[in-house]
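*Asks:* All chains, full assembly: derive it from the sequences and hints.
Chains as they are written, first to last, in the working numbering: chain A, 361 to 1035; chain B, 361 to 1035.
None of the hints are false.
Covered, in the sense of this in silico footprint (three residues per stretch, anywhere, with C-beta under 8 Å from a C-beta of chain B), are these stretches of chain A:
hint: 1; region: 953-966
hint: 2; region: 991-1003
Looking from chain B toward chain A, a few residues come up when the C-beta cut is under 10 Å (computed):
hint: 3; residue: Met548
hint: 4; residue: Gln583
hint: 5; residue: Asp600
hint: 6; residue: Gln685
hint: 7; residue: Met942
hint: 8; residue: Ala968
hint: 9; residue: Lys1008
Simulated from the structure, these hints should not be mistaken for laboratory data.
For clarity, every value in this text was computed on a predicted model and none was experimentally measured.
Note that beta-carbon positions come from the ideal geometry of N, C-alpha and C, so glycine has one too.
There are 2 protein chains.
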Amino acid sequence: MAFRNVDKGFQSSAGQDVNPDLDIERKTASFSVERLTNILDGGAENTQIRRKVNAVLQSDPEFSRENQYFQSQNERYEAAVRRSLYLSRKMDEMGWTTDGPEQKYCYRALGDDLAFTLHNVFMKSILGLGTDKQIAKWIPLAEKHYIAGTYAQTELGHGTYLRGLETMATFDVTTQEFILNTPKISAMKWWPGDMGRTGTHAMVLAQLNIKGKCYGIHPFIVQIRSLEDHSPAPGVTVGDIGPKMNFAQCDNGYLMLKNVRIPKKNMLARFSQVLSDGQYIRQGSEKINYLTMVMFRVSIIRTEVLTILMKACTIAIRYSVVRRQSELKPGDPETKILDYQTQQQKLLPQLATAYAFHFVCDYLQEVFDRGYAETKEGKFDLLPELHALAAGIKVIATDYSTASVEACRRACGGHGYSLLSGLPSLYTTVVASCTYEGENTVLLLQTARFLVKCLEMVKAGQALPSSVAYLSSTSSGKCRAQEKRDFLNPDVYTEAYKQRAFRMVENAAIKLQSLIQSGTPWYEAWNLGSVQLARAAMAHSHYIVVQHFVKTLEKFEKEFHIQRVLKHLCDLFALHGIFSNMGDFLQAGHLSGKQSDMVTESYLDLLAVIRQDAVPLVDAFDFSDANLNSAIGCYDGHAYERLFEWAKKSPTNNQDNQTFEKYLKPLFQNALSKL
Amino acid sequence: MAFRNVDKGFQSSAGQDVNPDLDIERKTASFSVERLTNILDGGAENTQIRRKVNAVLQSDPEFSRENQYFQSQNERYEAAVRRSLYLSRKMDEMGWTTDGPEQKYCYRALGDDLAFTLHNVFMKSILGLGTDKQIAKWIPLAEKHYIAGTYAQTELGHGTYLRGLETMATFDVTTQEFILNTPKISAMKWWPGDMGRTGTHAMVLAQLNIKGKCYGIHPFIVQIRSLEDHSPAPGVTVGDIGPKMNFAQCDNGYLMLKNVRIPKKNMLARFSQVLSDGQYIRQGSEKINYLTMVMFRVSIIRTEVLTILMKACTIAIRYSVVRRQSELKPGDPETKILDYQTQQQKLLPQLATAYAFHFVCDYLQEVFDRGYAETKEGKFDLLPELHALAAGIKVIATDYSTASVEACRRACGGHGYSLLSGLPSLYTTVVASCTYEGENTVLLLQTARFLVKCLEMVKAGQALPSSVAYLSSTSSGKCRAQEKRDFLNPDVYTEAYKQRAFRMVENAAIKLQSLIQSGTPWYEAWNLGSVQLARAAMAHSHYIVVQHFVKTLEKFEKEFHIQRVLKHLCDLFALHGIFSNMGDFLQAGHLSGKQSDMVTESYLDLLAVIRQDAVPLVDAFDFSDANLNSAIGCYDGHAYERLFEWAKKSPTNNQDNQTFEKYLKPLFQNALSKL
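*Replies:* Okay, structure coming up:
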């Protein structure tokens, strides 16, 4: 019983002895995997750069992720700080700049093992909200990590609702200082990354108070720890908030301020300023910064959320052709679990989801680039639409991806529960995205607010922005599908999504209106309609995603095989969405009961089609084994061998078993004479 | 800023200074919380015993769960072994027997901190499958923990499908021994609890081979470690499988056997025996044991799954009346988040789910007690129905509870992501129940198989067992609801669930039939129908749960207030289920589009009604703060104070920060002259 040695730190994906069950899946690909990889990367050149970055990082033992699943919170944190600082030097050495193309690929390769995420936000806020003088002072220090920053917004008792923040910055005219205070426990800063054990300076968001008058939230640079010995600054209580579901590498912190004095010049003053006599001045427009924030929200979908979903699909689908379970045909060997329709139904819609959101990100990027150019020229008309669009897509992308990652994990049965599969940490990371950068329900209701306003604009005869233009059409035709294959026509299902979104937005608005007309105050009517409003915003966002997946297909008209496989994925995403939300489509009356059966049949047929390309479709994501860090999702398909090799390295197997000595041995002695 | 001292190890729920936001919720309860607690406990006497057990355990510092969230896998394991052995002594001391009422309450209080779960299964298998002589030899040793057992069934490459197990036990006539072997890596035993670091003996399930003929899976007692020094027995490779999403306290293990010889008497021989000459004899019926296993499946719903769901509801609902966020009415103070309809929609259906499954467990217990009595008398007719029923309810209970617990966790925003909230570990524990004791998809398809057979029986004119009798009725009337309040009539929604289940089972069977008639082999037709078959089995199980919640209400006809609040919960469970699966109800044609709007409105109205009793309804679960081990779900509602107190105890705040010394200090030096 010679077990293969699979115990190498990093593995290339080439020239390996591949498990035949996986190997055969690659031989029947209906399209060029390399070409699809290039498309996903936005061009062959990017693929090249990405692979080079990956190769450089993986050949450096400093970046080894071996044993990561065995590390304590403390060890993860130390490794993240060490690696981040090392990466800065490495990038310098390689000539990779922080705004160059390599940077994002470094993050893709090492993302969840790096520190200083909030340090970067600290810098961004200075660059966006600071004066030239403030930038000149702080940025060079922060860039070289001579100071470590954090961005302290969220409080123990206050999250999304910024106006509710309680931290107070009172201007003292006599000393020309701000005095910062945490008036009660709910006002403690809570959650900021890089604060718990690292930060020397915090960008503290606080209510500005001048002579008893409150001017709202402003950003203040506060030194929180000594640069010499790291002890808390006078009046500062600071620490780590302890263990979380994941993000062990990140030292999320708490911060309490008691009469902490900072010089006047530490308030970021590009857009608002306090003069020496306490006079308050607003200048310029922050809207361009606001847009930057919205764009950041979009960028995390790709970098934080989609990467994780793609990894989960890769692991689960590769494992599902290696894992065999039960007989399908009596007398045959046990069947690859991906050959079961129930397993296809668990995994393939998630694969389609990954592709759908990838392409909608491309679209958002285009829209935002346009919006940014306009905003820079002082035109702010696009802002409400862009905000609503980004919020809605952020919600659907994080919500669906979270559900998808967990579906992938659960589809791997017991082994998906082992950290060594890599899947649990993908889930516990991605699920946080539903809360950070805007809590999903709050964002959905912001999108809903915009949609309701659009309907009011339609009534008033005003034109609507392009992404919501369909709300001005009132046609409500029945679906014209006659047989199940009609549902493979993108016009048919796009129309269904449009009708569904339109009806749901309209119905929510009608309910709101009727409550108000019957005397309910606006705020109460809004609350009583909020479940339906949130669902309407989701249906709207769903429509946008389907619509742009369909548009993407047009780009590949000259590449038959690529277009065909993407069309299958687009169909699957759309039909799975109808299948899973059938009530919405039937309720609106657009689909009949009979048509809904056709959707189901068409959807189930598609599963078998895409199953044939499932492995090539995840290979196209082009993650190395080191990227995946999964014992069961590796390129060579030797899942069981790796599980065993990795398990042997667990500290639980390599520490003295004190439990035996202390508790068990004295008892077991008694059996010796009896056995 | 004096922070309250909330830093006691265990807290009683009485006489505390309660957060007024929580306190006021208790003053308006529409029913007697104590009475509902008694009902949930199955009588006031049980409540008394449970509270006594809880009090005894909580007053003993050995059982303190303080700092649990800070412990490593190693520490959790050691604590679990220590506590379990201590608990055995404590129970002796208190006069609590292992089959007495106190035992289950000990488990309720300490469940996830105990070891020896699989040791108990080891004993149960001997009691069920061993001869009197085997019982007399092994049970006394195991009871006193003179040996530590484990139950080794699952293999690295084989889970649910028992026939696929590859471990081999070959009978050697010359030495009268069995020779056990792991023929390849996929045959390694993988996952058994108490094996990784504890077990001295394993009940190994292996293919029995006599003179080259295979007799199927049989249980063998194999010594795997020395009783003296715990070293692996000759030919044995054994270890821990490493970190998992949870169950850190449990040493799940791996086991490889190479020509391990055991005496013939170590095969459990109550139902099958190997004679000295190699002759194989079967005797008696194992069916009573099979039923025991099915009953065990039912019992874990209550002990493992529902307890967790009830805890999650308690934490999330209490937190949601303490947490305030944003203005609802302009100018008012920030609003309790439970006053938002979207938050009610996240939490209250989960509360209703907990009650629904509690009562369906009562029903299952009754049915199984009857079935057990019959089976003991040699009547096995009930077995298929009982198996299908238990499988279906196991799936819906674990699946819904898992989704519910995560909904509760996510409804607590950022703080629900902190381990200190108690919620992450509830999720990562409960989700495992979808896989263990029968993988959910596999079980659902077993239930579906039974349902399809029932339809065939109907065609053949045979009578159906009671739980599926509705499949013989063919009425397909339209729903008679005229207005939204008609949907508060249990007859109306029970009928809707019945129709839905009937149509889905029937349609799945028709599809199967038509595939077979068109020449598709049976196994392929089954696979092509499996998504719909699984959904049909789920709809059937859903109907059973609703049906029995409604029946439960009848029991409380003389207790108006209790009946009313339970009726609200029953309505909510039923209407939320229709709202969330609207497609099924519309597709079958039982509900019209207009009626579906009524369901939505009726469901949303109910949220506001139950919101009034939400806190009393979770108080009725009667968990002590120590049971919950949550910084945000405590009885007194001082969530923020406790989060801060607990966070301060995190090891990340109480270890030297080597990271600063090693990596940060040298950099920070450079800023000293510049700031």
